[in-house]
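Residue numbers (my numbering), protein chains in the order written: chain A, 13 to 314; chain B, -17 to 506; chain C, 857 to 1180.
Think of the hints as simulated: they come from the structure by calculation, not from any bench.
The reader is advised that the hints may include incorrect statements.
Simulated restraints on C-beta separations [stated by the list, open to error]: (1) B:R391 with C:G925: 28 to 36 Å; (2) A:L215 with C:L1009: 53 to 61 Å; (3) A:D80 with B:D240: 29 to 37 Å.
Quick reminder that beta carbons are idealized off the backbone N, C-alpha and C, glycines included.
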Amino acid sequence: MSAVLSAPPRVGALFLASPKAMISSAVALILILSALCAPWIAPHDPFALGSFSLMDSELPPVWSEGGDPRFLLGTDTQGRDVLSAILYGMRVSLLVGFAAVAISAAVGTLFGLVAGFRGGWLDAVLMRLADVILSFPTILIALLVSGIARGLLPDTRQEDYAVLVLILAIAINEWTQYARTVRGQTLVEASLDYVKAARLSGLGDGRILARHILPNVLSPVIVIATINLALAVLAEATLSFLGVGMPATQPSLGTLIRIGNENLFSGVWWVVVFPALTLVLLVLSVNLFGDWLRDALNPRSE
Amino acid sequence: MTRTRLALTSAALALAAGAASAETLRWANAGDVLTLDPYAHTESFTSSFLHHIYEPLVRRDAELKFEPALATAWEVVEPTRVRFTLREGVVFHDGSAFNADDVVASIARLIHPDARARGNLSSVSGAEKVSDTVVDLVLKAPDPLLLNKLSGVFIMDAEWLAANGATQPGNTTTGVVTYASDHANGTGPFKLESRQPDALTVLVANQAWWDAPAGNITRIAFTPIGSDATRVSALLSGEVDVITPAPLQDAQRLEAADGVTPLQNPSLRTIMLGMPHTDTLNADPDADANPVQDVRVREALWRAIDMDAIKTKIMRGNARIAGSIIAPQIAGYEAGTDVKPAYDPDAAQALLEEAGFGDGFTMGLDCPNDRYINDEEICLAIAGMWTRIGVAVDLTTQTKGNHFPKVDRGETDAYMIGWATLPAMDGFSPLNALLATRSDDWGGNNPNGYSNPRMDELAVAASMEVDETKRIAMIREAMAIAREEIAYIPLHQQPLSWAVRDGVQVIQFPDNYFRAWHYTVNGS
Amino acid sequence: MARFLIKRLGQAVLVILAVGLLSFLMVRTVGDPVQSMVREDATVAERAALRARLGLDDPVPIQFAKYLGRAMQGDFGISYRNQRPVAEMIVERLPATLELVLVATVLALAIGIPLGVITAIRPRGPLANGVQAVSLVGVSTPTFVTGILLILLFAVTLRWLPSFGRGETVELGWWSTGFLTLSGWRALLLPSLTLALFQMTLIMRLVRAEMIEILQSDYIRFARARGLPQHDIHYRLALKNALMPVLTITGMQIGGLIAFAIVTETVFQWPGMGLLFIQAVQFADVPVMAAYLMFVGLVFVALNALVDVTYAVVDPRLRTGGAA
Chain A
13 MSAVLSAPPR VGALFLASPK AMISSAVALI LILSALCAPW IAPHDPFALG
63 SFSLMDSELP PVWSEGGDPR FLLGTDTQGR DVLSAILYGM RVSLLVGFAA
113 VAISAAVGTL FGLVAGFRGG WLDAVLMRLA DVILSFPTIL IALLVSGIAR
163 GLLPDTRQED YAVLVLILAI AINEWTQYAR TVRGQTLVEA SLDYVKAARL
213 SGLGDGRILA RHILPNVLSP VIVIATINLA LAVLAEATLS FLGVGMPATQ
263 PSLGTLIRIG NENLFSGVWW VVVFPALTLV LLVLSVNLFG DWLRDALNPR
313 SE
Chain B
-17 MTRTRLALTS AALALAAGAA SAETLRWANA GDVLTLDPYA HTESFTSSFL
33 HHIYEPLVRR DAELKFEPAL ATAWEVVEPT RVRFTLREGV VFHDGSAFNA
83 DDVVASIARL IHPDARARGN LSSVSGAEKV SDTVVDLVLK APDPLLLNKL
133 SGVFIMDAEW LAANGATQPG NTTTGVVTYA SDHANGTGPF KLESRQPDAL
183 TVLVANQAWW DAPAGNITRI AFTPIGSDAT RVSALLSGEV DVITPAPLQD
233 AQRLEAADGV TPLQNPSLRT IMLGMPHTDT LNADPDADAN PVQDVRVREA
283 LWRAIDMDAI KTKIMRGNAR IAGSIIAPQI AGYEAGTDVK PAYDPDAAQA
333 LLEEAGFGDG FTMGLDCPND RYINDEEICL AIAGMWTRIG VAVDLTTQTK
383 GNHFPKVDRG ETDAYMIGWA TLPAMDGFSP LNALLATRSD DWGGNNPNGY
433 SNPRMDELAV AASMEVDETK RIAMIREAMA IAREEIAYIP LHQQPLSWAV
483 RDGVQVIQFP DNYFRAWHYT VNGS
Chain C
857 MARFLIKRLG QAVLVILAVG LLSFLMVRTV GDPVQSMVRE DATVAERAAL
907 RARLGLDDPV PIQFAKYLGR AMQGDFGISY RNQRPVAEMI VERLPATLEL
957 VLVATVLALA IGIPLGVITA IRPRGPLANG VQAVSLVGVS TPTFVTGILL
1007 ILLFAVTLRW LPSFGRGETV ELGWWSTGFL TLSGWRALLL PSLTLALFQM
1057 TLIMRLVRAE MIEILQSDYI RFARARGLPQ HDIHYRLALK NALMPVLTIT
1107 GMQIGGLIAF AIVTETVFQW PGMGLLFIQA VQFADVPVMA AYLMFVGLVF
1157 VALNALVDVT YAVVDPRLRT GGAA
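Taking the hints into account, I'd like the entire structure generated from these sequences.
Below is the structure:
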């Protein structure tokens, strides 16, 4: 994100000139803000166990026959307000997504730069470490992290560490993608004459990496990061599907889709359709914005 | 690869043939058969499947009463010696005759220290051949439940075991792998034709069966389909004839769909909540006392649960609300102790007040999310109901592989558990496992400190009482104590939920056994 | 090149050992197998006896040493769940998973690369926008939902394709293949499409990103100035150069696909290794889990080494400087 802040002023002008960028960022921003403000704008608190009643379960959206004005988008099988559950669920999903992407992109880029630039044993160790990590399905890493978390924090409640487990599990798995891609790109850049010249002129490695190589490897990092934000949210949903995700008491968007998915045949469509639409909208807007950002940041475009 | 063998697996062909021949039953179940070795597992579904291939000495009839199978008569010669007369003219699927040697070899194989299922016949020390058609079972102590246990003990062929080096049961630790794991030779109504684990197992009718099948099935094509939605889809698309189980929430859709019917019936499995009887609660270890030790608090927790709402909303009307931890079909059941206190949150709050916990307290509730029907949903609802009477609930729902070990280690407060008393179908099972004080040999599933000396006396006495009237009285007394003390909070008997294609007639036995020789298929 | 290969091989062995240790530690945290191995009403004594027999009371390092010793000899033990040799079970499931992954990879490449090229050549055209939007919606839906939706459409509503299983298989020695029968191919379609969807989008986006960048580079401008045909510029110069990262990612993702097949195999009851693994997790079947992880690790390490070598061949610049 620091790249955005330090980007040349022309990015601002480009932004104002692109309807795609403005619309997608506006949608993403609205979704993110409404998730952040969920406690104030959501009509109900879906995480408060005593606040909803089974008697209200499976009410359809308010415009359908039998809808209840208290529940705009209807209720789920527990009687939870779907709209509130989506707003709160998005908070959880975004927290997991952003944190996992931030950690994995930072660690992966750093490792990739160092491995590609320094080469030698450091490169071998980092890349083989990546091999080891990539050999494990995310679900297994999630199981391991959650097993260790349980061991280290035996008295804490499940909800407290579930988020942490998910973030770590996804980040541990995904930094390798950045590392390998950045490494490949760094190898190419480092072999170019201007970098060789900079090296010969006695410029420090850190400066060469930051000034010359980092900007040039950033484009694939942003491509992967935007895809990975979506991926992280989906990975969370998949982990829930396989039984190691957010608990049903604190559902994320993914958990809502998983639970809704069980009702796919039963006609209670609003339980799965609205969370899924929200997820798609969120991922789509973030991706479109990421696309635009990549083009705008690319020093070689124009 | 010089020796390339081209062989279409005939089983797969049969399945792919689309419209099945009139008497084929295409059956999809949520899980696969674990093994074909009847002594190497303890899972009731696998037993149910293997019952098609293998048979016990005594079996359950359509009303689940005992009836002769491979044994035609039995008598107690001494308290610790029971004499069985064997059926004559029975042959195994490979053509060899059934006789006393087979029973002796089977019993020896089952009680071998390496056999996974040896606990199923722990009271027997061996079998002795009297003649070709007479066998004595020698007991360590009189066992009132011997027939119950034997109804789950399938008889294997001594010659076949010896010829294939399978006399010893397979075992993970000793590294013994047995031929019987993926081959089978029984006396039952169906023969094994082919087996591909997790894909397809085909059985064909045994024309030489000593009994006459009540149904008309000549071939069973069995496929496990783990995903609920896929299993329902396979039925809707006409790829299978019967699915076990069918998700309750899909019943409406199945009802509405052409050509398929959902089926529901009560089962023997009682779903209940285990209570913490220990001195402190895991959720609040620093508190001076455990409020749940007070029976008034346990009653308050029970009264706070709106079972009618759970039944209509979560179970879609398909459950039998329970007041006892055993179902009506189980020996030892008594309607008088099957009484649930009425749902009344105000009374529950008053009871908490009376017990000195009017301000509430914090406790944990642990549930599996993939073991019982809608288990997670039920626990979420209960957690909400308890919260409303002022009990702060720390709810954990997780996969059964994590849930049950946690329960066993005593790390839970309240927890969900289901008990079907299978294979014995007898009240002694919960008395022994859930109600007796935990020790090496008793209370194996009573990890949270429930203890009552009278209960322990009853358990020991009932285990040896051969007078059925006295034994039943003991179990009834135990169930009455359990109800009075609210040792567990019973919730309901969960339903059996299947679905069939039109033209398929099945019987849903309460023990959830699939007995295809009672079923019929008409061409569609 | 020989030195490079030997070095790479040595590293691969170390990786396998690390995977072995990690997978062993991992499966120890997953659950308690004893609970699912005994009768419902087993006594405390029965459970303790079983635990001791399984060696679960030994200290973890001793358990690992024993395990590694046996694994070296190709003995991965016996499944707790159904008491068959684990090596045999893995080999039995191998063809199903590999065929699924192979078809998925081919699908992803065959659809992903052309779409990437189209969207790169006219990045602002309606076709490019349409393709991108559809693909984004596609990857924004969790695999298990996509799978079920495909089943609902093609199996339940249209009844064109089967909803589960592999169809007819043909035995070629120990390898059972679905490639030689019509029903085998029909059964492959939905699961492989589901599995390929994500990778397809990734490939498309990568090709697009790389192509756009390359098309703006000086030597393409030079080629245009020289009057080379558009077609040659796009496909011979640009695409060829864009393929390097695509190769890397695709190669890396094959290992990932094998792992990701867990979900697809669960949804479609595809009798492969992923299904075996998820059942093992549910049962805490330690030997099967450990062997599966070792195997996936092995495939992964082999693929990675292969990608590294291909890398060196495709881009000669790397052969001298980066091959270490």
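Okay, the hints, checked on the actual structure:
no.: 1; hint: B:R391 with C:G925: 28 to 36 Å; in the structure: holds (30 Å)
no.: 2; hint: A:L215 with C:L1009: 53 to 61 Å; in the structure: holds (59 Å)
no.: 3; hint: A:D80 with B:D240: 29 to 37 Å; in the structure: holds (33 Å)
The structure meets every hint from the earlier list without exception.
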